[in-house]
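Taken in order, these protein sequences are the chains called A and B. Position 324, counted from 1, in the first sequence is what numbering that gives the first Met the number 0 calls 323; the numbers after and before it change by one each time, with no gaps. Position 357, counted from 1, in the second sequence is what numbering that gives the first Met the number 0 calls 356; the numbers after and before it change by one each time, with no gaps.
In short, the hints are calculated from the structure, not lab data. A few of these clues could be false.
As the list claims (entries may be wrong) - Selected chain B positions facing chain A (in silico; Cβ < 7 angstroms):
#1 L8
#2 A36
#3 E39
#4 L41
#5 T76
#6 S81
#7 G142
#8 L145
#9 V149
#10 F170
#11 N226
#12 P260
#13 S261
Said to hold, decoys possible - Per the computed footprint, the stretches of chain B lying under chain A, defined by three or more beta-carbons under 8 angstroms from a beta-carbon of chain A, are:
#14 48-55
#15 195-205
#16 246-254
The C-beta atom is built at its ideal place from N, Cα and C for all residues, glycine as well.
Protein chains: 2
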Amino acid sequence: MSYIRVSYLTEAKNLEQKAESVAVGMTVGSWTDLPAAKKETLQGHLGKAAGSHILSHTEDGLERGIIKVDYPVANFTYDIPSLLTTVFGKLSMDGKIKLVDIDVPESFSSHFSGPKFGIQGVRQRLNIQDRPLFMSIFKSCIGLPLNELVEQFKFQVEGGVDLVKDDEIFFPDERAPFFDRIEAYREVIQQSGREVLYAVNLTGPVTELVDKAKRAIDKGANCLLLNVLPYGFDILSELSRHPDIQVPIMAHPALAGAFYPSPDYGIAAPLILGKLMRLAGADLVLFPSPYGSVALPREEALSIATALTEEKPGLLPSFPVPSAGIHPGMVPVLSRDFGLDHIVNAGGGIHGHPDGPVAGGQAFVEAIKATQSGIPLEEYDNGPLQTAIKKWGVVK
Amino acid sequence: MSYIRVSYLTEAKNLEQKAESVAVGMTVGSWTDLPAAKKETLQGHLGKAAGSHILSHTEDGLERGIIKVDYPVANFTYDIPSLLTTVFGKLSMDGKIKLVDIDVPESFSSHFSGPKFGIQGVRQRLNIQDRPLFMSIFKSCIGLPLNELVEQFKFQVEGGVDLVKDDEIFFPDERAPFFDRIEAYREVIQQSGREVLYAVNLTGPVTELVDKAKRAIDKGANCLLLNVLPYGFDILSELSRHPDIQVPIMAHPALAGAFYPSPDYGIAAPLILGKLMRLAGADLVLFPSPYGSVALPREEALSIATALTEEKPGLLPSFPVPSAGIHPGMVPVLSRDFGLDHIVNAGGGIHGHPDGPVAGGQAFVEAIKATQSGIPLEEYDNGPLQTAIKKWGVVK
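Make a model of the complete structure from these sequences and hints.
Given below as structure tokens:
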């Protein structure tokens, strides 16, 4: 039999007993009192305690620590709503308990397509192999007419970015409609003579997103941005597995902070922004960087990146995009922390450059070149990068 | 101009300034430095601080309390993903902050259909006006063959329930397929000679749920159960507004505990299980009762019920279903706390009755009758209720 192993951080008089009670309660409901015939029927659906580990004792004398429970794969359909409902639906409401990890066997994950492009697929589209990619965020989108957004887009492309993403709060867009943006930016990209991926914010009724994505691609869209958590993981799975959707999907972490930051409740960041995003098929995943004001603890941010990229049979890796508070002086630290395969993603660090957004982009391009060549940023050419460093410094 | 007022519980050096910074940062991004022409363009999208209220000071000398921000309705499309992304997408990841309330004006809510049946619609379907309704939960579902589930269903109907719901973790159902259950239970209901609503667990790919619901109704389904949070609010909105889906929708709170229990993070229970469920169109909403082991603080449970039922122009009220830990001895307290318009929902309190599930149901029916007649439970007839009281007592 094949099991999904789930780890929780919780408190109980006795963690081992708690694991056993969850294993039974969250699967077949009750066990010891069942007649033998029923036990035989239900055996294949019974969860099993898979260990516990005390981390500390609370003031009330409770054990606090990790419990592990094995759920039979037979209890799930192959989708994330089934997974989350079964392992944390009711249990999430049962006192102090945080869902920290889910390990699915290949017999489960093989039913998910995972990222269609992954890191290599995105790199191939851009024809860039030897450095981190560089992405920019619009300064703002909502309420602006198309011509102003096209201007912003041009500045970003001129500055040398590889990817540009819409603002995730760009919903009503009458002044710069979805399909018109795609076409207008596509023209800018063509004029630039190189490939740039534009992640257009895919919004609307959840049941219309697949069709809207297909039409977007027909109009020339080459990347999609999705607020995965507000829409639900399942639509990401459907988009990623759809044969007509042949462009990378970028997952925005909007709402993730409603899940991960509490030590006692919710769902850990490496699971909700790492494993589940990858399983559901995000090619690129934004998550809070460990540096800026909207920050994650360093270890947690690195764990997200690990979950997105570690070897998993049948699943391509997703591109980690540590975001928020990124300026050119952080590029060496980003490379140290995330290696070659990450995306340098900046907003204020581009638009806030003293010489404007084109110089802002160029400063990052220079910082990435310097870092890849092993040159300390301060010693690079006297150009946009040095101006950026004067403003923001270099993070060591 | 029309605004959505959003309240957050947060900490900051200065809450008033925090409200202002959120109002600008989460709408147009920046303001004071913008040229006049751009201000004119963006004025209609600019958020406004709408007050703050200090509740305490933290050990670090920060102000802790409520901030209120008004977001222009013009910043939203009329759906809950847009609402949550805009008011709490990025902000959820910005330190200690909990989304506690959202007040939408009628100019926004009028674009939602809300509950199609509401309390009165459900009552009319059952032809019961003068008492709380009574619902039962299967003892367990997963892995059981249809004939055993039909037996469980019969016992529940014989016991006198008005509604029966599937187990929310009932996903793989090869031994008792979705459409077969609907037909088999429908027959039991018809044989009983009275109406009973059976909430069948609607599962599958999110984009297929509307079609599956329609087919279920064609097969005789008279109620649908949905794990709203794992699937995302938007599919609930779509089901509720669909003209062919003419049966009540019951929202299960699965995963809600990943959002509401932390004092510092997440989304408050009365918002996520109350207001948003109603706005999205749930006719019946399960939420943790203030009594059992899976318990909410009493005030919070009552606030959910208030959010589901208080007068709102253009929105029918949703039926409150305080759940978990309910036994017959709690019926008077349920009535005291939730009034006439609630649903007495029990699982263990029915199946655990010493004389079996039929007596278990009858005990509740008696408890409801006694309570409606003002008779103390202990003084009611010497039947199943008295046996239940001997086991579980009477809660005062």
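For the hint on B/G142, just tell me whether its beta-carbon gets within less than 7 angstroms of chain A. holds (4 angstroms)
Status of the B/T76 interface restraint (C-beta, 7 angstroms, chain A): B/T76 check passes; min Cβ-Cβ to chain A is 4 angstroms, inside 7 angstroms.
Let's test the interface hint: is any C-beta of chain A closer than 7 angstroms to that of B/P260? holds (5 angstroms)
At a threshold of 7 angstroms, is the proposed contact between B/L8 and chain A supported by beta-carbon distances? violated (13 angstroms)
For the hint on B/F170, just tell me whether its beta-carbon gets within less than 7 angstroms of chain A. At about 4 angstroms, which falls below the 7 angstroms cut-off, the nearest Cβ of chain A leaves the hint on B/F170 intact, so it holds.
Interface hint check: B/S261, Cβ to nearest Cβ on chain A, cutoff 7 angstroms. Holds or violated? holds (4 angstroms)
Holds or violated: B/N226 as interface residue toward chain A, Cβ cutoff 7 angstroms? holds (5 angstroms)
For the segment 246-254 of chain B, count the residues whose Cβ lies under 8 angstroms from any Cβ of chain A; is that count three or more? Holds: 4 residues of the segment 246-254 of chain B have a Cβ under 8 angstroms from chain A.
Using Cβ atoms only, decide whether B/S81 comes closer than 7 angstroms to chain A, and label the hint accordingly. Where the cut-off is 7 angstroms and the nearest Cβ of chain A is about 4 angstroms from B/S81, the hint holds.
A closest beta-carbon separation below 7 angstroms is what the hint needs, so does B/A36 meet it against chain A? violated (10 angstroms)
For the restraint on B/L41, tell me whether the closest CB of chain A is nearer than 7 angstroms. Holds. Min distance 5 angstroms.
Holds or violated: is there a CB of chain A closer than 7 angstroms to the CB of B/E39? violated (11 angstroms)
The structure fails to meet hints 1, 2, 3, 8, 9, 14 from the earlier list, while all remaining hints are met.
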